[in-house]
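Undergrad: Chains as they are written, first to last, in the numbering used here: chain A, 1 to 450; chain B, 1 to 294; chain C, 1 to 639.
Because the hints were derived from the structure by calculation, they are not lab data.
The structure presented is a predicted model; accordingly, all values stated were derived computationally and were not measured.
Virtual Cβ for every residue (Gly too), placed ideally from N, Cα, C.
Worth double-checking, as some hints may not be accurate.
Once the Cα atoms are required to be at most 30 Å apart in a straight line, the calculated DSSO-like pairs of lysine-lysine come out as [said to hold, decoys possible]:
(1) A:Lys-361 to A:Lys-446
(2) B:Lys-157 to A:Lys-256
(3) B:Lys-283 to A:Lys-256
(4) A:Lys-105 to B:Lys-273
(5) C:Lys-94 to A:Lys-256
(6) B:Lys-159 to A:Lys-448
One-sided excerpt, in silico: chain A residues whose CB lies under 10 Å from chain C [unchecked claim]:
(7) His-35
(8) His-195
(9) Gly-205
The lines below spell out each chain.
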Amino acid sequence: MSDPQPLRGRLAIAAGLFGLLLAACDPEPPRPELHYTLSADSKQLLADYPAAQDQLLGTLGMLFGSPSNPRYAVPEEWIDDERNPNDAWAELSEARQAELVAANKKAFATPLAALERGEFAAVEPAREALDLQAAWGEIRAGYDEIAAAMEAGTKSRTDLDKYVAENKADAIALFTDWYPSLRESAEMYRTQCLHCHGINGDGKGSTAEFLNPTPRDYQRGAFKWTALNEKARPRRADLYGVLENGVNGTAMLSFKRFSATQLEGLVDYVRLLSIRGETERNLAREDAEEGFKIEAVQEAYLDVWSKWDKSAEFVIAYDGEIPEATPEVIEHGRVLYNDATGANCVSCHGVGGLGDGPSAKEPDPNGGPVPISKKDDWGNPLGPRDLTQGIYRGGDRPIDLYRRLYAGINGTYMPAHSTIKDPQGNRKVTDEDLWAIVHYVRSLSKGKRL
Amino acid sequence: MSFLNPSNGAWSILALLVALLLVLVTFVKFTRLWTVILIALLPILGVWTFVKAPEWGLWFPKDVSTHGAGMDSLFNLILWMVAITFVLTEVGLVWCVFRYHDKVPGKSLFTHGSHKLEMIWTAIPAVALLVIAFAQIGTFKQIKFEDHWPTGGPYSKDKPIAHVIAYQFAWLMRYPDANGSFDSVDVIESPFDFVVPVDTDIMFQLKSRDVLHSFFLPNLRLKQDAVPGMTIPMWFQATEVGEYDLICAELCGWGHYKMAGRLIVKSKPDYEKWLADKRAALKSNGTADLEAAE
Amino acid sequence: MSPDGNSAPAHAPAHAPGHGGGAHPAQEGPRGVAAPGTVHVSHDHHELGFLRKYVFSVDHKVIAIQFMLTGLFFLVLGGLFAMAIRHQVAWPWKPIPGLSVLFPDTGGVISPEFYTMLFTMHGTIMIFFVIIPLLTGAFGNFLIPLMVGAPDMAFPKLNMFGYWAMIPAIFFALLGFFVEGGAAAAGWTAYPTLSTIATAAPGSLTGQTWWLMALTWVGVSSMMGAVNYVTTIFKMRAPGMTMMRMPLSIWGLLIAALLQLFALPVLTAASILQLLDRTLHTGFFTPSNLLVNATRPELLSNAGAALDGASGGHPLLWQHLFWFYSHPAVYIMVLPAMGFASDILSTHARKPVFGYKPMVYSMSAIAGLGFIVWGHHMFTSGMNPALGMSFMVATIMIALPSAVKVFNWIGTLWGSRIHLNSAMLNALAFVAMFIIGGLSGIWMAATPVDIYIHDTYIVVAHFHYVVFAGSVFAIWAAIYHWFPKMFGRQMNETLGKVHFIGSFVFTNGVFYMMHQIGLAGLMRRTADPYTYATYAHLQESNELITLCAFALFVWQIFFVINFFHSMFWGKRVGRNPWRANSLEWEAPSPPGHGNFDRELAVYRGPYEYGSPEVSEDYLPQTRKLGDGAARPAQAHAHH
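Just chain A, with the same shape it has in the complex (with noise of 0.2 Å):
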């Protein structure tokens, strides 16, 4: 039983520290400063020299910056060629340079049009074109202060249009003219992409633990869904194409309702994510006792680049017409399906093309009575595709069936048809035998598409 006592010192206080907190608030924070690490692999390889752990961090950070501030080393061999691989505008042809800007022209109608009519404070940049926004900002700071000295009256109207009139020009080409640097295109990948694909790109975002299948690891440099033969590194086609459609029956959404030329900057930063994994696989599997030499980290790095860069000697193509699905080229194809001698699919994919082959399954490794599902080079569980879903997660074009076919699929077990020989030395499967077993596969999901 208490004695009231006046509540006006502990008002102070609540009122004093509730200005406090709000006085200490700032609303929009900033961006965070993420920091790569090494894969689980490169530390287990490295683990008996953790200082060359601490030299490879440093290293890679050396040829490719942060995920806030990416950007690659230039290797001397270039800069005699003048190539800049920081500058991925120049590696485009005149033809898709033209269409950015178009894509750009779209993507940015409203600022445009603001601009058109002088109006410079309705300008909005998007979010994560920081480069722009800082571009546009003194461009916008010049245009605020004359605006300001027209409220205190040292200035006038006349001098703001001239200034509007003198810098419309440049201020519409920042927008036309658009291209993200790596640093824009991380801030992209950080808000859209990281959160499956991770800070590194090694598929471990916080989601990728609930997704089936999971989001892919760039850091081996094995793509799946490319049109290239002999497990060769993408074209930039390739992965924008994954970007434009998704991939049917994953999480991986297309992405198109950002312009053509925010996802070609992704496609910038997700090469830079696999080449900096590449080089990190590459080097740890060096000899590290004596720490990284110079010429090795150079060796490893340019070694990554020069595979990508001869992607597009990898195309697989046809000549010709397709073959038609003519009800005889559809039973060749079953027939090739199903015999061991011919592509024999049926040990993988099942006799109903259902994915319950027993081809695709190994003992397991503690020894259960059950066989498991094998892997893929990630080391997840893959079962084969269960055809009759009509779900072809690399494209449902014949051509797209076809190039599966052809030459596998990158980083599984689904072989490259177009390798597998006889006894003889022939091919087994010959490029139309492949083309028969493209519409029998297609033929087993007849209405049946989910």
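Assemble chains B and C onto chain A, guided by the hints.
TA: Just chains B and C now, with coordinates in the frame of chain A:
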């Protein structure tokens, strides 16, 4: 944490707080005055923000549908009725707080109610509500009742332009083959882009592979849940060429916010060309990629 | 209880309100509790230890305070979740202060799946652990026996169990955050198949199961309470307390309890069905031919072996069952608040409630109609459109009784003498903002318009106006008003006014503009809206809303300080500081065991303020007027 650089929004909140602090200082002494002002501000600011909302862009997006006008006019009818009721009741409240305060001498008016008043203020809202109930029947039937749907166009419930398939977290549009069959292997699959011709009655079927999604086209005032296990027919007609957002409107998982698509309304010849290009792409032999690579 | 009513009655419950031996007047009520309106004289005070007195008490007042403290705690917790949600919506993918502990790799930027858990648990906590416990658990418990003149609830032990049933519910609800996959993430509405298929959402791995368990326990708690409340109100009123002399708070609580009784079993059944779908892989809500996460659900199990999951169910079945309860639930969340508002307005405006009978009929109509409108949550769900029409008609009709109530509140204030203290201010704000919430509901009732605004922020604005700006303000009003009775001390008026003004301004700052951004089409439950062209310009509005939300949340410190300070050091008051009429003010402040210390007889209704029969401006229900003409059994002349 930094004091140094609040955004524009933060400045307005700080200004509001300073104002609030000033009000606070006098609130205890002038409670009635401030209460009257605060409650009065509800209808004043409440109506003002609705009047200004279109100017601020906080209004319905552009309507390019044929049935949207019915919905928008129904909305406006209700908006007017609601606004009038809002203002009248809040003014009543404000008046009472202003006029009937504890310093007025004597006791309150001693009444337990008025039968007549109860009848009046039951009957008038009842009529208003009935008006609203009947006003919407026509539009509702037009959108939802299949026997009210337009006929005679190139598409019908049984021959839709496409199947729209929702899955976590994408929209996949499947167009039939050249013979109109959805069961054939030559169906055209278009991820993300739902392409339709303008000024045509579009019938399509909505499906889901996994969980509930919802097909929402703000610019066509169209929304329908995609229910796994159901195939739901829908229709609309777009009156203007252009590209419009397709948004998922039912929580479908972590990627709900990303589940975007696009309605691309093309002129009829452009639509036919798009479809023809897609069919031709089925016959691609990949040499186009060779040329691109050079 | 002893059949002859004599001394030493059977002590069946160990802690029955102390019936000792010795001469003891009168009648016994049910279960060994003293009859209503009688004095409870205990001759045999076994001193209760701290635990039996304050923790495991069967005294309805203690239980009420337990519910209140629990509810207020969860109001803060749910509010914290809301702050995180608002932060993400205003500044997507920026670090949220305090969350870098959970998300060290990204520097405190939350993941999309965590966002889904945040809004799921925010809604769940606010509805089941804040509003319903505060309105029905806290005030229902506290007020019902006191206002009807009973010494305690009809079933005191059941009452205690009702509170303690909340503890497993709390445990399960919060446990979800710590299990694999995290907390439930399918929205508080838990629609299948997102909620029933393990791989459809991270929270659907195990968190959702715990969520369902929590819901079941909350249901148990609510049912216990509802049974108690209805029995007490029907059976334990003091002599002279006819149904039409009960305060509207009691009517609101009674009708809400009836709603609980009839609607809750459906939710409990539905959540059991969903539990079965999740654990035993039945197929009530699971259709055939699903492909979730590229794997057919029937093939999923942790062990890798094939499971035979049943299918052939329908997701819409859950929606019907869920909304059959959850729509009446929203009236459970608002009817007691309306009752409190009527009482508080009348008391502090010193004027009778205008139209008592219409108020009672309106509340009954709202409840009755509330059972046939559930489909208005499902207009776009894929149910038969003809069914949609019938729900539309009923939903439009339900606006009418709510409108009548608003007019009656204004009628109550007309010609009154308003004392603008904290309780009154909050009650006025309730009316003012309930108007907004109720009116915005009409758009949603109009089905063609609902096609556009379903699942947009207009819906969010609407329900936050009725439940937060409405019910929570009514709860604050009720706390300011009945705190003196609960603790014998008054809350500080200055601080109460400070709390009011900030809360009022910032509540409107947060929720009003949500109407307009909802019109612009902004979807609910969207972690990052601005990549859509349709929403790109909405960020500034959302920033303003978020800043108001932060201010609103922080402003509550004034209430917290006031509440706890006043509990121990507040100004002491007597029985009837507000000079009010209803029975609870007859009891001491705080009431002792058995509540009343003298015999009660009721002679009139509770709203005789400003009566010309007496010189004071109030006339308590129990006051007997001189010439004996007004007798307890007769109803006072009302028109």
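Undergrad: Of the hints given before, which are not true for this structure?
TA: Of the numbered hints, all hold.
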